[in-house]
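Chains as they are written, first to last, in the UniProt record's numbering: chain A, 1 to 551; chain B, 1 to 551; chain C, 1 to 551.
Calculated from the structure, these hints are not laboratory results. Warning: the hint list may mix true and false statements.
Here are a few chain B residues that sit away from chain A, every Cβ distance over 10 Å (derived from the structure) [stated by the list, open to error]:
| # | residue |
| --- | --- |
| 1 | Thr219 |
| 2 | Ser239 |
| 3 | Lys390 |
| 4 | Lys426 |
| 5 | Leu450 |
| 6 | Thr512 |
Okay, the calculated bits of chain B under chain A, using three or more residues with CB under 8 Å as the criterion [to be verified]:
| # | region |
| --- | --- |
| 7 | 52-61 |
| 8 | 89-97 |
| 9 | 202-212 |
None of the values given here were measured: they were computed from a predicted structure. In this text, a Cβ means the ideal position worked out from N, Cα and C, and glycines have one as well.
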Amino acid sequence: MRGALLALLLATALLAMPMGHMMAHDEMANTVNLQEAVAKLKNVSPQTKTCLSCHISVTPGIVADWLKSKMAHVTPAEAWQKPALEREVSTPLDEIPANLRNVVVGCYECHGLNPEKHPDTIDHFGFKIHPIVTPNDCAVCHRTEVEQYSKSSKAWAYYNLMHNPIYRALVNASTMFTCMGKTFGGERTSQETSCLACHGTVVKVVGTVDTISHGIPVTLVKYEGYPNHGVGRVNPDGSLGACTACHPRHSFDIEIARSPYTCGQCHLDPDVPAFNVWKESKHGNIWFMHHKKYNMKAPAWKPGADFTAPTCATCHMSLLVNPVTGEVIAERTHNVDTRLWVRLFGLIYAHPMPRTGQHFKLSVEAMPESTAEALAKQGLTIAKALVGVKLPMPISLAPDIKTGKFLYATLPDGSPGLISEEEMAKRREQMVKICSACHNTEYAEYRMRLLDTQIEETNKATLKTTVLLLKAWQSGLAHVDLAKPVTLFDEYIEKLWVESWLFYSNSIRYGTAMNGQDWTTFKRGWYQLTKDIEHMKTLLRLWEAARAAAK
Amino acid sequence: MRGALLALLLATALLAMPMGHMMAHDEMANTVNLQEAVAKLKNVSPQTKTCLSCHISVTPGIVADWLKSKMAHVTPAEAWQKPALEREVSTPLDEIPANLRNVVVGCYECHGLNPEKHPDTIDHFGFKIHPIVTPNDCAVCHRTEVEQYSKSSKAWAYYNLMHNPIYRALVNASTMFTCMGKTFGGERTSQETSCLACHGTVVKVVGTVDTISHGIPVTLVKYEGYPNHGVGRVNPDGSLGACTACHPRHSFDIEIARSPYTCGQCHLDPDVPAFNVWKESKHGNIWFMHHKKYNMKAPAWKPGADFTAPTCATCHMSLLVNPVTGEVIAERTHNVDTRLWVRLFGLIYAHPMPRTGQHFKLSVEAMPESTAEALAKQGLTIAKALVGVKLPMPISLAPDIKTGKFLYATLPDGSPGLISEEEMAKRREQMVKICSACHNTEYAEYRMRLLDTQIEETNKATLKTTVLLLKAWQSGLAHVDLAKPVTLFDEYIEKLWVESWLFYSNSIRYGTAMNGQDWTTFKRGWYQLTKDIEHMKTLLRLWEAARAAAK
Amino acid sequence: MRGALLALLLATALLAMPMGHMMAHDEMANTVNLQEAVAKLKNVSPQTKTCLSCHISVTPGIVADWLKSKMAHVTPAEAWQKPALEREVSTPLDEIPANLRNVVVGCYECHGLNPEKHPDTIDHFGFKIHPIVTPNDCAVCHRTEVEQYSKSSKAWAYYNLMHNPIYRALVNASTMFTCMGKTFGGERTSQETSCLACHGTVVKVVGTVDTISHGIPVTLVKYEGYPNHGVGRVNPDGSLGACTACHPRHSFDIEIARSPYTCGQCHLDPDVPAFNVWKESKHGNIWFMHHKKYNMKAPAWKPGADFTAPTCATCHMSLLVNPVTGEVIAERTHNVDTRLWVRLFGLIYAHPMPRTGQHFKLSVEAMPESTAEALAKQGLTIAKALVGVKLPMPISLAPDIKTGKFLYATLPDGSPGLISEEEMAKRREQMVKICSACHNTEYAEYRMRLLDTQIEETNKATLKTTVLLLKAWQSGLAHVDLAKPVTLFDEYIEKLWVESWLFYSNSIRYGTAMNGQDWTTFKRGWYQLTKDIEHMKTLLRLWEAARAAAK
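Put together the whole structure using the sequences plus the hints.
Now the structure itself:
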């Protein structure tokens, strides 16, 4: 195979390359012969061989994807040979079931794992198979990653949205409407195709369906809430999350997981414009021109040696190692929360990170008394009614006017809900250390300080729109009944208020954090935020003019 | 040419590759020597050789592009040698004019074809040349493709827009305004640079212009409505469409035609966010990271073997073949309509696909009597006036309140205007078959059912905004005169109504169909749709408050 | 190094390529060994060697980026060996300081240049180092480029925004708000993170900070307004601009500078949608599919030979050479203004290009008397108050109703502020010449004429929204006090007026110029522009209804 003849043949073929864009003839370049590729595999279990014998032609796309995966080529025992920093299996080898250690990770190894724990296990040509592989299955080899993940706010994304009455009200108000006396919007399916596509659904097994697939009778599982690959998916086995949200089946590709496109599926304009901001930053600029030359695969990722422009994963998740000294710049984590010191998005007011990923367990005072009094002096009496209403996170309707502080979040046991200042400083320092692979520390810290100021300024802007909302409730332009949280969000001016923090303040904070300049300006930045304020004022003015005329 | 020495030289040059991003010296990589490339061509007609002798220096960009095309390298006779599934010429070889069979397809072969049929034929240095090559010219070799295309709603895109009085009214209302008593917006040029850029213009030959180009006196054709490459362009020879919309001149590259960027030029946010939705789906995520490794050229396109993440073309146009069994999964079509069972976009209410691509020939009842009566009970008397108004497609102002059905579309001969339920089921099954190259059928069908629910929910939302529009007309906030269709669309609240279906309902349907989650949520999804409803309600409320005060 | 064995080894390694997407094992592909790469460098100055000895491990990202640069590999003397068209150094070799001619351009060569001229020079381990390298430093080798740039409106971008009271008012109105009697928005930091991120900040040295970096005590400069890489940055040494805006540190890569992503950081939706329009044009379509095959590096850039689809740089900056004849199609320029004949964006009314890049020095009549009279006849008396108010560029509130002309811009010495018709024609001809590398001249000129019509139509639309704004001021819906320019922009209807020209008219002009069809239609095109007009009308109507009721 490796003789001089081959070198010549290959070299001849490659001759076309510098002239590559002149040639239309290399039609078979990049085509993979699946049968040959499968035939070359080593250490495939007999069960997986059986799976492959049909699925190579029944679902060739899946098999082809899996062939690209490391799973198809490396056994857990081999994976354990790697030096610690390059190892991608975290469960101690002797705790991985013996029958899995020396076979590559194929169809049966995952879909046949612990059949009794999966309510969706069916008989599939004599095998006990469950279609949905869950984090509990992945943890057999990737224990540390699953443990980290399960503590993150991502794992709890369904609960944090749907078990917080305030957020649930926002979801309901945003997906339902009445027409001719009936309610539409489809609580389940409309929410499933929108909010829950990212946050995750509750997947229920509702039965099986017998069908003919490729000419063969087959029984398939019928679910409610699936297909869904939301980060906080509540699986049939009770586990939380879908590893496939970022490691899509069946290549489970670290290159994809580290790509900005993955994060950008959920963290995007208008409510979480992280991807969009990065895309328009200098980091994005350089990425788009040169990322094909990066090494996106090295488990221990080395700034400068493997890549220059960072992606989301670089700063928020990946194991980073100095390419010259070998020093670990940042440990790998699958709990993204732990690299963040402030919570920038999805909140009325930005504040320090919660101590737990289970945000829905936090509660908070609605409005400090001193603020309610200050507002009351302006005749905004409804504000007074909000004092002392203990609300589930993260609704803080206004800061303490005396101290400027926004949140008094507590956990059910009364302990503080947010991380300490010391912990904040530590996480911030970790981020500066990452920046410092390419920038001096003062360069990085100046941007952090800019972020501090913009958090404060946008929080004040939210207070401003909240004052205007109180006026709308006060004047009868809109209505609220705190016993029915949906009434916070179901009218036009209330939605303008929502946008002031959910879209514009968020966008300014992201744009500042990552230097995506139009997201702080015209896209959904200061221009749109100040316009939003003026929009609310104009509606109030028109309403009051009509009411004054009526008197 | 193919000796060991060459192999060595080449290998040495390639040494730079793994270190590629360290080197700034390979400045000539990727540079093409046009003269050498032209000199190497075989089977070029004498006429085309003459063309090339000037155009290589006069318009090197065109010549370079053409050199990349298959046209420049393969004669029709050679193309016919290919096995059926890999063949890209569809006209039987003996029906292709003899003089074209054994020359590559160069400048003269297309621009000199059938000069008498082209009103824009001019004398160009002794040749009869027409600048605009039309589908009728392409059909000389690609008969099947042109026949399919000519039946599609794409071919009729100009007519479907401009010969439907309702749509034409929307175009007019969206591009014109009055100021100081004069009308502006420029009916022709403003529409030509906006709507008709995608739908196609009517191209008229208005004369010739004599000019000096690269020092040489030359006569050029002067057109009205050209340059334009809209899919429904009405060509000087009366044919419809521009093959170059998707196969851009002069490479006619199947890779470009299959790329999502091509479709994304017209099928994009906010009215047809197909590209945007796909881009943010998992399919898009994978594509952006890995498509450079795909084989985008194979005429018989094999899921898994040639690509993993599908583009628009994969599901809607391309010939798909199982890479293992060779089974045809889907036949190639240039009539995209035939793979669709519902019409999701550009409509007030989504409904089954029309039986014809000539949508402008369909007509429909404006509003069923039962609905008008139900609305009248709410005091919405103007609704009654709409009963029985036969409107050109696709304006159905409301569903039959008794049956929930939306359309009674008919063709001029009274036959049904929409495809049957059987045909719908057949096309849906074809799509599920395509999905099934990578997903199980229940997985695919669950998403189809989600789409069903979201079509229903969004149709109901449109009924809701239509009720609000009727109230606006009823209360005098807006005005309508059905004899002047432009009055349906020319006021602010009417435009909010338009957006409820043209932007938001569309976006939810696309987002559901292709799992682009933010397009169903915050981008232009349920949040924006419910906000639009509340916006209309607030305008009505302000208007009524002022009117009440006046009493 | 170059023996047959190596060829074989290499060829064997390359065997993986056609099967590339099946393999997960080439984890080290694309990884660079920084120490080896540095060791191979030639002609590095002793000072730069010292820098590298630490910085290779302290900031490996910077060193890696620099290793990719031409700077690291070529001395100025070597650069001067290149033929004139391929030369990238413009300062005559004998005017480049002797000590710089024969060393590659490393850390010390730039950061140690002219220490006395830089207020931010510090002692850094015995070297006099300034962190911010300015255009004056770059001019040591790139004199012509810096001279051109310094005359451009880019270099003056800070002044053009902040020293024009009208624009400064727009900045203030867009970033500040009052709440409970206090002003927020943070004039400095909010503007620094938004508008000035593109326009550039004023960078001030505020002191130094002693810190521990990578275990070593180090003194860093503390700035106000930095990091910032805006095109009009006012540097500590008084120079204007940041070459790094487009040539990012430390690769200074021409490929990045020529990429559309660079320009797209600032020239983007919604106010300057140049990148967005191009992206959705056929040029963008082709680029996204094929640009990896382009030669983006050749200093003399050859259409057809090096690339097909043009980027921003192709038409607006780069040296273009006919690949066959060697004729110069367009000279390189770093003053983008000089290839433009009309100023399309950032203006109330589009008009011919200013004669100077220092736009803030231009002044203009607010409104011609004839127009004020015409408006007065409609009862718009406030219009009369605007006559004769000399405003800084580019505020022209209305055209001369008799002649249709919009601007009477003058420079402080009374000379015309805009280029002559002859100069306009010359620049337009240059652009048509660029188009003509791939299109015939009539094809290009038809689009130019379309642009002419759309400039006229959008200018008329702005007159329309200005009339509506005058009515709003007249009727008391909004308030203006010309002595306080911020009052032009601080209310909701005023912001709608701003959007009519800053977003929608701009977008239509760009969409027409570069054929990005949705930007002329639904994105921010004619649909949004006519909706904006109707929105203003509806607000006026609601306001007047309430006022009428009050009477």
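Against the structure, the hints:
1. Thr219: holds, 32 Å
2. Ser239: The claim holds: Ser239 of chain B sits with its nearest Cβ about 26 Å from chain A, beyond 10 Å.
3. Lys390: Its Cβ never comes within 10 Å of chain A, the nearest being 25 Å, so this holds.
4. Lys426: holds, 16 Å
5. Leu450: violated, 6 Å
6. Thr512: violated, 5 Å
7. 52-61: With 0 residues close enough to chain A, the hint is violated.
8. 89-97: violated (count 0)
9. 202-212: It is violated, with 0 qualifying residues against the three required.
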